[in-house]
Amino acid sequence: MSQPGQGLSVGLFATCINDVMFPDTPKHVAELLTRLGCSLTSSPAQTCCGQMFTNTGYFREGEATVEAYVEAFADCDYVVAPSASCIGSVRHQHQMLAAHRPALARKVDRLIKRSLDLTEFLTDILEVEDVGASFPHTVTYHTGCHSLRVARIGDRPQRLLRAVRGLRLVDLADSDICCGFGGTFCLKNPDVSIAMATNKAKAVADTKAEYLAAVDNACLMNIGGILHRIKAPVTPIHVASILVQQEP
Amino acid sequence: MSQLTTLPRDTDGRLTPAPPPGELIDMPRFPINARHELANTDQRNNLQAATATIRAKRALRVSEVPQWEDLRQAAKTIKDQVDRHLDSYLLQAEQSLTKAGAIVHWARDATEANQIVVDLVKATGAPEVVKVKSMVTQETELNEALEQAGIAAWETDLAELIVQLGHDRPSHVLVPAIHKNRSQIKDIFLTEMGQYGTPAPADLTDDPSALTSAARTHLRNKFMRSTVGISGGNFLVADTGTLVVVESEGNGRMCLTLPQTLISVVGIEKIVPRFEDLEVFMRLLPRSSTGERMNPYTSMWTGVTPGDGPQNVHVVLVDNGRTSVLADPIGRQTLRCIRCSACMNTCPVYTLVGGHAYGSVYPGPIGICLSPLMRGLDSPIDQSLPYACTLCGACPDVCPVKIDFPEVIIHLRHEVAEHKIRDTKPHLETTAIAAAGWFFAKGRRFTVMTWLSGLVGRVFKAKKQFGAHMPWPARLWTSARDLPIPAAESFREWWRRNHERP
Amino acid sequence: MNARDQIMTRIRSALKHTPDQDEDEPILTWQYGQPTSMTDVVGCFIERCADYKAEVTEVDADQIPHAIAATIKKLGITSVVLPPGLDPAWRAAIEQTGTTICEDDSPMQAHELDAVASAVTAAAVAIAETGTIVLDHAANQGRRALTLIPDIHICVVLASQVVSDVPEAVARLRPSVDAGRPLTWISGPSATSDIELKRVEGVHGPRLLIVIVAR
Chain A
1 MSQPGQGLSV GLFATCINDV MFPDTPKHVA ELLTRLGCSL TSSPAQTCCG QMFTNTGYFR
61 EGEATVEAYV EAFADCDYVV APSASCIGSV RHQHQMLAAH RPALARKVDR LIKRSLDLTE
121 FLTDILEVED VGASFPHTVT YHTGCHSLRV ARIGDRPQRL LRAVRGLRLV DLADSDICCG
181 FGGTFCLKNP DVSIAMATNK AKAVADTKAE YLAAVDNACL MNIGGILHRI KAPVTPIHVA
241 SILVQQEP
Chain B
249 MSQLTTLPRD TDGRLTPAPP PGELIDMPRF PINARHELAN TDQRNNLQAA TATIRAKRAL
309 RVSEVPQWED LRQAAKTIKD QVDRHLDSYL LQAEQSLTKA GAIVHWARDA TEANQIVVDL
369 VKATGAPEVV KVKSMVTQET ELNEALEQAG IAAWETDLAE LIVQLGHDRP SHVLVPAIHK
429 NRSQIKDIFL TEMGQYGTPA PADLTDDPSA LTSAARTHLR NKFMRSTVGI SGGNFLVADT
489 GTLVVVESEG NGRMCLTLPQ TLISVVGIEK IVPRFEDLEV FMRLLPRSST GERMNPYTSM
549 WTGVTPGDGP QNVHVVLVDN GRTSVLADPI GRQTLRCIRC SACMNTCPVY TLVGGHAYGS
609 VYPGPIGICL SPLMRGLDSP IDQSLPYACT LCGACPDVCP VKIDFPEVII HLRHEVAEHK
669 IRDTKPHLET TAIAAAGWFF AKGRRFTVMT WLSGLVGRVF KAKKQFGAHM PWPARLWTSA
729 RDLPIPAAES FREWWRRNHE RP
Chain C
751 MNARDQIMTR IRSALKHTPD QDEDEPILTW QYGQPTSMTD VVGCFIERCA DYKAEVTEVD
811 ADQIPHAIAA TIKKLGITSV VLPPGLDPAW RAAIEQTGTT ICEDDSPMQA HELDAVASAV
871 TAAAVAIAET GTIVLDHAAN QGRRALTLIP DIHICVVLAS QVVSDVPEAV ARLRPSVDAG
931 RPLTWISGPS ATSDIELKRV EGVHGPRLLI VIVAR
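Residue numbers (the working numbering), protein chains in the order written: chain A, 1 to 248; chain B, 249 to 750; chain C, 751 to 965.
Some hints here could point you the wrong way.
As the list claims (entries may be wrong) - If you want a taste of the chain B side facing chain A, the calculated C-beta under 8 Å gives, among others:
| hint | residue |
| --- | --- |
| 1 | V597 |
| 2 | A665 |
| 3 | K690 |
| 4 | T695 |
| 5 | H717 |
| 6 | M718 |
| 7 | P721 |
| 8 | D730 |
| 9 | R744 |
Calculated from the structure, these hints are not laboratory results. Glycine included, every Cβ here is placed at the ideal spot set by N, Cα and C.
Only chain A is shown next, with the shape it has when bound in the complex:
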């Protein structure tokens, strides 16, 4: 296996939800990027991208997470997260939150250009699509809204998945429609959120895929919650957890 990441210092931004709920995902990112030659750090100063505060209207709390992000990652060549949504928030909201503090804003400016979703880092910086993974299963892919329209990572996840040995990627109907998670939306508008998640889960179940992949565990937790409740035989899985799998 070639090591295109040789010499790159990468700060692993686990994101709050993965840290607490889905630690396997950042573990898999660490394993994969180490295998590709990167030298990883994961500062305990990190907390969260802040979007749950910012998107609910609480900018002061969001600003505090920006400070934590800057403190954690200022020295890294790149910051990589297994979440296009959190990276989208870093790139599109941190400047606005820091705008009234010039010193912080300068640090934010430098950092956001180097903050990438895992799939962007793989395809654009390491320039690999085939990471040597093997996953002999049928997989459908949920395009998270923030990956599509905020971070705008395009079809990078699909390109990476198509290069996985044995993986069969099946289309998901209405893949560009939101799953209804929406951060605090799911608590503030529970009925609408559930209706949206139910539609999405039905579309997923209709694909007959074994796995539902995404680049954001928040979407997977939402859709997966319905799938688990209705006992649909589809397992949610983060793209990182597929890319890390190797032939036995």
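Model the placement of chains B and C on the given structure of chain A, informed by the hints.
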């Protein structure tokens, strides 16, 4: 045909069908309305089918135009220029209109706008008016003001007619009866038309052509005898004083052409500076709204044309909250809106719940921005509207005037949060957010939080997922979805154990 | 303070932090009046116009009177209202069909027009890309009611009137607007999609639009 001097009254003693009781702004918070609307399965099916159709049509017609992005940018820039110099453009429009023989009136709010119209109609002695679909007169509830004054206002757009006869409210800015299907419409026509004019044929079927034909017959008399028409305006051209109405059915042409008196009620943001600017908007609007290359009919008129159409032409320029929108530097961009409805057709929330949950004549993404900006944040509905959105970002991509809806929505949420923080009575949300914010502000505090979640994870480890029957607030999630148990060991703990050995 | 002055005050107050001229002034780079490139402008107009369920016939310019008369005979049109400035040759051909001709010299009432089967007019401009006919209601098109109330509108479009797209049309129409004339843009017969978004042709405007395009 002689003009009617007295009109029959319905069983409620009214000239026109009564709308649902209550004021839109007094509606409960959005989530409560949404729950009610979601339970209406027919409506959900009607909406999902209709919006999927219109989304596909729009996408096709937009893909035909290679310069689409340039057109959007041009429209945005033109409208931004209008907003920055709105005072001068309005005065220019007033001058052009006056020169062309129109009489210009100004209205600070809905009440004043309605009073101007009522007085103008009364002066003609007409017992009734024919109306072209107009959002601003929905906003001011002009029809009710006219009814109170003893004047019948007849909606002539097919969908508006369905809504009016159905004692209903519009649920979409372009297709107000999008929530009704053909068989519901048939029932409304059969029951109601006869009370207010030519009845529907007794053997009416639910075929859209038959329903359309019944509407034509019902309205024909009203058009032919009409002496006063009331319209809105899609655009008001400042340098010529030209008003533009974009429509499909010809009801607009009827109302704009046949009466002797025409009263156009126009929001002050409808200005475009030059007649030439229409080349941009007339390419963007039809493709964005109905997904057509061009809508069947567009009427443009410049004051009075001797010997052709209305000889008494009035224009009422309405503020009604628009200057409040202008005063908000981030919210101001919503004044660019040309009411195409592409945002609502693409909104995953709107397409599920429909327009009646929004407590405003403007639903969907534009509504959740515009309504609180125009009306302020004092009512429960207006405080809840900015949250009726998952921030999925689908709407700005289809907006022909490039409104950055997520930017405005997050800004408004900030206003709501600040409003709650300033409030003397405590809010659970602000307390919870402040507590969470403390934990998330520093890595070491967050570490403490992960110990607590790890404890929960170890206690419930055998369970794998939390199911239904959870206490509030977890049940907001678990009423329909299972919830994974937090990890027994957080990522940061694992990392510390494996990478930071002392 | 009256409403006008108060609205002006509100606007100026709303814009007080937005000076009239500054570096943020949005710059418009749009080029007005540009054509849209297409190989056959008239051909595109015919195709797009027919797309709306308008009936389109293509004829040589000298065949216009014949084409109008043939349409009237084919459809068995019993009456027609003519604008005062219609081309005398077209008028003569219509007279020869024997259909009843209604003159609009002392303007007809709406209900009188409602009893007329059709109207024959010229046009001002036509737009290929969108299949649109624009009337500026000059003497050869008549006032707006003529082409609105009768159920059939026969409209003659000259090839020289067809432009590629909306920008060229708007540029050509400016003089009509400056002259105080109204404009009616027509794209196919009247239509609605208000019931389940199913398109139904023929609502209040003419239910049949016949376009004769003269090359």
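Practice task
Return the status of the interface hint for T695 of chain B: holds when the least beta-carbon distance to chain A is below 8 Å, violated otherwise.
Solution key: holds, 6 Å
Problem - Restraint check, 8 Å cut-off on beta carbons, for A665 of chain B near chain A - result: With a closest approach of 3 Å, the A665 of chain B hint holds.
Practice task
Using 8 Å as the Cβ threshold, decide whether M718 of chain B counts as touching chain A.
Solution key: Hint on M718 of chain B: violated, closest Cβ of chain A at ~12 Å, above 8 Å.
Problem - Restraint outcome when P721 of chain B is required to lie within 8 Å of chain A by C-beta distance - result: Since the shortest Cβ distance to chain A is 6 Å, the answer is holds.
Handout entry: Restraint outcome when R744 of chain B is required to lie within 8 Å of chain A by C-beta distance
Key = holds, 7 Å
Exercise for the section: Against chain A, run the beta carbon of H717 of chain B and see if the smallest gap drops under 8 Å. Expected result: At 12 Å from the nearest chain A Cβ, H717 of chain B fails the 8 Å test, so the hint is violated.
Handout entry: Interface hint status, V597 of chain B versus chain A (Cβ within 8 Å)
Key = Nearest chain A Cβ about 6 Å off; hint holds.
Handout entry: D730 of chain B as an interface hint toward chain A, with CB separation required under 8 Å
Key = holds, 4 Å
Exercise for the section: Please verify that hint: K690 of chain B, Cβ, nearest Cβ of chain A, below 8 Å or not. Expected result: holds, 6 Å
Comparing the model with each numbered hint stated earlier shows that hints 5, 6 do not hold.
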